[in-house]
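Novice: Sequence:
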Amino acid sequence: MSHQVDMADPLTNAAEFSVSEIAQAVKRTVEDEFGHVRVRGEISGFRGQHSSGHAYFTLKDENAAIDAVVWKGNYSKLTFKPQEGLEVIATGRLTTFPRSSKYQIVIDNIEPAGAGALMALLEERKRKLQAEGLFARERKRPLPYLPRVIGVITSPTGAVIRDILHRLADRFPSHVMVWPVRVQGETCATEVAAAIEGFNAMLPGGAMPRPDLLIVARGGGSIEDLWGFNEEAVVRAVAASGIPIISAVGHETDTTLIDYAADMRAPTPTAAAEAAVPVRTELIGYVDDLGGRQRQATRRVTATARDRLRAAVAGLPRASDLVALQRQRLDYAAANLLGNLRHSVQSSRVHFSRLDSRFAPRLLHGQRQEGTERLRNLSLRAETGLRKTVDRTRLTFDPRAALLGTAIARLLERKQAQWLGVGHKISPVALRTELRHARSLLTPMSSRLRSGMTVRLSDCRKALSQADKMLASLSYRNVLARGYAVIKDADGNLVQERAGLSPGDAVAIEFADGAVAATIAGSPVIKKKPRGQQDNGSQESLF
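Each residue of the sequence shown is one higher than the last, beginning at 1118 in my numbering.
Check each hint, because a few of them may be wrong.
As the list claims (entries may be wrong) - Taking lysine-lysine and the BS3-like style, the derived pairs with C-alpha atoms no more than 30 Å apart in a straight line are:
(1) Lys1189 x Lys1144
(2) Lys1586 x Lys1505
(3) Lys1219 x Lys1189
(4) Lys1177 x Lys1194
(5) Lys1177 x Lys1245
(6) Lys1194 x Lys1243
(7) Lys1198 x Lys1177
(8) Lys1245 x Lys1189
(9) Lys1177 x Lys1189
(10) Lys1505 x Lys1579
(11) Lys1198 x Lys1245
(12) Lys1243 x Lys1144
(13) Lys1245 x Lys1257
(14) Lys1177 x Lys1257
(15) Lys1198 x Lys1219
No lab work stands behind these hints, which were simulated from the structure alone. Since we're looking at a predicted model, the values are computed, not measured.
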């Protein structure tokens, strides 16, 4: 559309357009002419997604630049996310932004511009993840020696799963759980990461058994084919897995980022199966060999112990020899037991006979009389001493009382003379005051006298009590309580010998609980028993 306007002629037939009309016309022209384009350039000005979810940046080369936008719905579907400085091939359509009169490309897909760019991106991502410690050797865990359940993350239709299952069946048949995923394409990384997280989410002892080991496997391919295993989501899922993981992606020369994050890297899926389980026949042979060595060692230890036991038995004395000396000592002790018992009884009898002489009635009577006499003397001495103490105290206090009376009389005379001299009479109140003063002087003396008398009487009372206790302990009645008796004649005198009694004499026999009257009937002859002979329980009559 071309219009020439003569500025000198104010009247013209040229049509007028608004700014919006021009902008819309340009927009339609650009979109019709460039509906679908592929643009190669370097990403510049990328700061991540906007708060709205869209992404804005610039594609540039050495001579020009074009604005680019990725809408929110397409951004999540991109296989390669935009990164600052990355050379890419962007596929989309050209359009304009009328508000700023700029044209831009709305991108539907982004591809790295050649293998060199992919390798640069791979190296940059590798350095980033390595700096975070996801590839550290300390994070790697040992694989279980004999896993019960093995989880395999791979495509269910490829040759990889068949090779793994076949190799596991040859080496050690195990329970295998397959999580089918796409191993190539845009959703590869998302599915593999979800599979790893799904296996880790299984609970031990649940309806589905939780794997003890995971294998992430895929066949060989180009760097573009294996790019899903270089994504950050997959690498982070492998590093965060609580189950040990074997990475078996590609052939021996292929290396992906999950190989660095996995606990073990296998060159091929078949090698991963070989590393997962041992050879069953070799394990059985190894166990049989260990069993044989254990049985041989047990036999050797048993034989050694048996030889040592025999040597020890040979060095031990016979059982009869061990008890022979003790048996002889027992026989000797048994032979001497009866004689020793007789000797012990005889010694005890002699000892008790000696003690018996101490408890004769005559001796007890003498001790009682002696105790009574001592008690009488103590009583007399206590009474005499108390009287003397009172006399000494009286002799001490009488002169002082006389002096005190004389002093009081003189004091009264002086006071009376003083009062009469000044023309006053003796007041009863004043006299009472003077008497009270005199009494205050006499009261301490009387208190000391009373205290001394109380202490003296208490001491005498204690001495009398002790003498009474001694008399009670020496009294013959304690002897009577042990089964003895006292014989008195008609006059109340003690009968100490048999010769002092005649037939027909009246006597009184005193026991512990009282006395009884008796008459001497005869003078029987009392035969003395040999020492050591036991009493047969009867007692001959004395009457």
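Novice: For a C-alpha distance cap of 30 Å, please report whether Lys1198 and Lys1177 respect it.
Specialist: The given pair, whose Cα atoms are some 17 Å apart, holds under the 30 Å limit.
Novice: Below or equal to 30 Å on CA atoms is what counts here, so check Lys1189 against Lys1144.
Specialist: Distance ~22 Å between Lys1189 and Lys1144 Cα, so the pair holds.
Novice: CA of Lys1245 to CA of Lys1257, is that 30 Å or under?
Specialist: Measuring from Cα to Cα gives roughly 19 Å; hence the hint holds.
Novice: Does Lys1245 sit within 30 Å of Lys1177, going by the straight-line distance between their CA atoms?
Specialist: With Cα atoms ~26 Å apart, Lys1177 and Lys1245 stay inside 30 Å; holds.
Novice: Is Lys1198 within 30 Å of Lys1245, Cα to Cα?
Specialist: Between Lys1198 and Lys1245 the Cα gap is close to 16 Å, so the pair holds against 30 Å.
Novice: Are the Cα atoms of Lys1219 and Lys1189 separated by 30 Å or less?
Specialist: holds, 21 Å
Novice: Holds or violated: Lys1505 with Lys1579, Cα cutoff 30 Å?
Specialist: The hint holds at about 19 Å.
Novice: Mind checking the alpha carbons of Lys1177 and Lys1189 for me, to see if they're no more than 30 Å apart?
Specialist: Roughly 22 Å between the alpha carbons, so the hint for Lys1177 and Lys1189 holds.
Novice: Keeping to a limit of 30 Å between CA atoms, is the pair of Lys1177 and Lys1194 held or broken?
Specialist: holds, 23 Å
Novice: Between the alpha carbons of Lys1198 and Lys1219, is the straight-line distance 30 Å or under?
Specialist: Given that 30 Å is the threshold and the Cα spacing comes to 24 Å, the pair holds.
Novice: Tell me if the straight-line CA distance from Lys1245 to Lys1189 falls inside 30 Å.
Specialist: It holds: about 26 Å lies between the C-alpha atoms, which stays within 30 Å.
Novice: Is it true that the CA of Lys1194 sits at most 30 Å from the CA of Lys1243?
Specialist: Roughly 23 Å separates the two Cα atoms, so the pair holds.
Comparing the model with each numbered hint stated earlier shows that hints 12, 14 do not hold.
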